[in-house]
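2 protein chains.
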Amino acid sequence: MAFSFSVLAEDGAARAGKMVTARGEIETPCFMPVGSAGSVKAMTPEELRTVGAQVVLANTYHLMLRPGAETIEKLGGLHRFMGWNGPILTDSGGFQVYSLARLCRLEEEGVEFRSHLDGSLHRLSPERAMELQGRLGSDMAMVLDDCPPLPSPPSRFLEAVTRSVAWARRSRAAARPEQAVFGIVQGGLDRSLRKRCLEELMQIGFDGYALGGLSVGESPGERDELTAALAPAMPADRPRYLMGVGTPEDLVNSAAAGVDLFDCVIPTRNARNGQLFTSRGKVAIKHARYAEDGGPLDPACDCYVCRTYSRAYLRHLYTAGEILASRLNTWHNLHYYQGLMRGMREAVRAGRMQSFRREFLSRPKETDG
Amino acid sequence: MAFSFSVLAEDGAARAGKMVTARGEIETPCFMPVGSAGSVKAMTPEELRTVGAQVVLANTYHLMLRPGAETIEKLGGLHRFMGWNGPILTDSGGFQVYSLARLCRLEEEGVEFRSHLDGSLHRLSPERAMELQGRLGSDMAMVLDDCPPLPSPPSRFLEAVTRSVAWARRSRAAARPEQAVFGIVQGGLDRSLRKRCLEELMQIGFDGYALGGLSVGESPGERDELTAALAPAMPADRPRYLMGVGTPEDLVNSAAAGVDLFDCVIPTRNARNGQLFTSRGKVAIKHARYAEDGGPLDPACDCYVCRTYSRAYLRHLYTAGEILASRLNTWHNLHYYQGLMRGMREAVRAGRMQSFRREFLSRPKETDG
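Those protein sequences? They're chains A and B, same order as listed.
For the record, in the first sequence the residue sitting at position 328 is 328 according to this note's numbering, with numbers rising by one throughout.
For the record, in the second sequence the residue sitting at position 106 is 106 according to this note's numbering, with numbers rising by one throughout.
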């Protein structure tokens with residue numbers, strides 16, 4: 001398997017590293033845009049490259065239901081299907097089963113659920129999750145885990161950890177040799193339970209380790225504390241992946257705590273809802289104050305959108321419901337996220353991650369209240 | 001005013017020509033993509049260039065309501081607002097007043113209508129229509145006309161011609177000197193009434209002449225017959241513009257009859273609805289037969305979409321409601337339309353327009369019934 005990870009620089013708990021896959025290198029800390037159904041919404045693969053994306057996440061749940069992993073395999077795999085020749089990480093499908101589908105049965109063998117699209121009945125087991133990801137042909141695959149919402153009773157988290165470890169072992173055994181496999185730490189907000197889960201996963205041995213079961217109801221503060229406690233306990237020579245997180249502030253705090261890999265729908269989904277990230281804080285582009293504003297969205301940004309269009313035009317497109325609004329807003333937000341990650345990589349290498357973080361967190365949060 | 005038109009080649013009634021504007025040359029026969037609200041839906045200006053668009057049409061009605069012509073003028077005009085530095089043709093707003101808004105009053109002074117967006121009351125007169133287009137800063141402006149639906153009683157068409165000529169005179173007088181102005185021939189399907197209207201417009205004198213009041217209820221055959229009868233009667237040394245038309249077949253028939261300029265929402269709107277134009281006929285991309293079809297949409301097409309993606313992926317994007325579906329489908333359809341126009345320009349210059357037309361019309365219309 002052509003997968004390796006090396007830490008190139010450390011600064012406190014933060015690291016700057018490099019993942020090598022058969023489809024290219026990934027500099028960390030790294031943010032993965034989410035291409036749920038085989039498309040990072042509103043973007044072409046070429047545009048993803050332009051904004052600096054190195055790797056894309058795709059959701060096994062969405063793709064297994066439509067168009068089907070078998071169909072994608074027949075068509076030459078997910079890379080070819082979606083026209084993205086860089087690395088792809090797939091999740092196991094588990095998270096969407098818990099959050100989006102109607103869960104029918106959860107037992108040792110696996111889960112049974114009904115599709116949110118048409119109510120059809122499906123099953124997912126550790127073996128099936130790995131088979132699906134193998135058919136998709138992703139470069140990095142995630143084990144199937146049991147992911148309870150927060151809050152849940154302590155006994156539920158204990159059960160989830162026991163099950164997740166057992167499923168991780170089965171997932172690892174079922175993985176295709178050409179895919180890197182990440183284990184997922186569960187355990188809610190209970191640090192000792194999380195650490196127990198992590199240790200059991202480390203005994204199985206994975207190519208990378210993820211913190212799962214977050215962004216499911218906890219506060220940002222709770223998440224930050226847990227991440228700061230857990231990340232340094234994760235193997236130093238393996239990539240650390242904080243799943244489904246988060247805001248720019250989350251990324252800075254978590255990278256400072258030693259996390260290497262992130263994914264989140266925030267930059268893309270918020271873009272479609274007209275919420276834009278800038279060096280001066282968040283901009284709600286629909287705001288009437290931008291109606292005659294001929295300036296760029298972010299004067300400090302050098303992306304295509306900020307070089308080409310005015311706030312007034314972006315507001316107009318959004319107000320008129322134009323498809324181009326989603327395109328331009330997504331382009332800018334992803335460029336912002338990728339620029340933030342690049343800034344952190346440079347800060348870690350230069351030994352100034354703490355001042356980077358301090359300055360970042362003291363910036364204005366909102367430009368328009 | 002930097003506007004001129006010259007016929008470079010003739011072949012039967014068909015012509016290949018060149019319009020020169022302050023913002024660039026336009027080779028004719030030419031198809032103008034429709035950018036209703038200051039955006040050709042789902043496309044960037046750079047992509048429009050890539051597919052071969054030379055000029056864009058924008059709708060005064062949509063822009064006067066949102067964001068307002070005064071706002072666009074303050075922001076430096078429509079070209080700068082939408083990031084398109086090539087020529088722009090604006091309509092007068094009249095057509096949408098008749099087709100989209102709620103018409104409240106139609107009298108000699110002008111029309112009063114309620115916005116389809118919020119019911120607000122607005123007025124449009126020949127002078128106001130030219131003022132709005134002047135503020136937008138388009139390179140070619142259209143006179144305000146009276147455009148009855150088909151069918152309407154003969155007296156209504158007679159009234160429309162009388163009013164349209166009077167309004168054309170007032171529009172011409174109110175135009176900014178830097179804009180080319182096109183007169184619009186009305187008169188329904190009555191050829192002698194149409195010719196009377198044309199002659200009166202020619203006495204006023206315009207930079208170009210348009211056939212209006214079509215695509216409003218007549219059959220393609222009726223439209224073709226009228227166009228074939230009228231186009232040759234229009235001044236040979238001025239561009240002839242068939243407004244709001246049409247299908248690929250319409251374009252070929254009308255260009256063969258001597259029309260130089262076209263606009264229509266068909267390639268863009270149909271794209272968003274999953275109807276794609278190919279060298280083998282129309283493709284309804286949602287069709288299940290494409291679910292595992294790894295081939296390009298049109299093997300004879302060299303556009304980005306056909307070079308990069310499979311029918312199966314295009315079907316998946318459409319079925320999943322992905323924004324990228326609208327993008328790729330629009331890209332391909334506009335490329336197809338521009339390629340068709342280029343083919344006709346070459347055919348006219350080579351003296352083989354009749355065989356081009358014959359071959360085109362004998363091609364399969366539908367690949368999937």
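No wet-lab data here; the hints were simulated from the structure.
A quick note: this is a predicted structure, and the numbers were derived from the prediction, not measured.
By construction, the Cβ of each residue, glycine as well, lies at the ideal position given by its N, Cα and C atoms.
Any given hint could turn out to be false.
Cut-off 30 Å, straight-line C-alpha distance, at most; resulting in silico cross-link-like pairs (BS3-like, lysine-lysine) [as the list claims (entries may be wrong)]:
| # | chain 1 | residue 1 | chain 2 | residue 2 |
| --- | --- | --- | --- | --- |
| 1 | B | Lys74 | A | Lys286 |
| 2 | A | Lys74 | B | Lys286 |
| 3 | A | Lys195 | A | Lys18 |
Just a few of them, taken from the derived set where beta-carbon distance is under 8 Å, the chain B residues facing chain A [stated by the list, open to error]:
| # | residue |
| --- | --- |
| 4 | Phe81 |
| 5 | Gln275 |
| 6 | Ile323 |
*Which of the numbered hints are not met once you compare them with the structure shown?*
Structure breaks hint 5 only.
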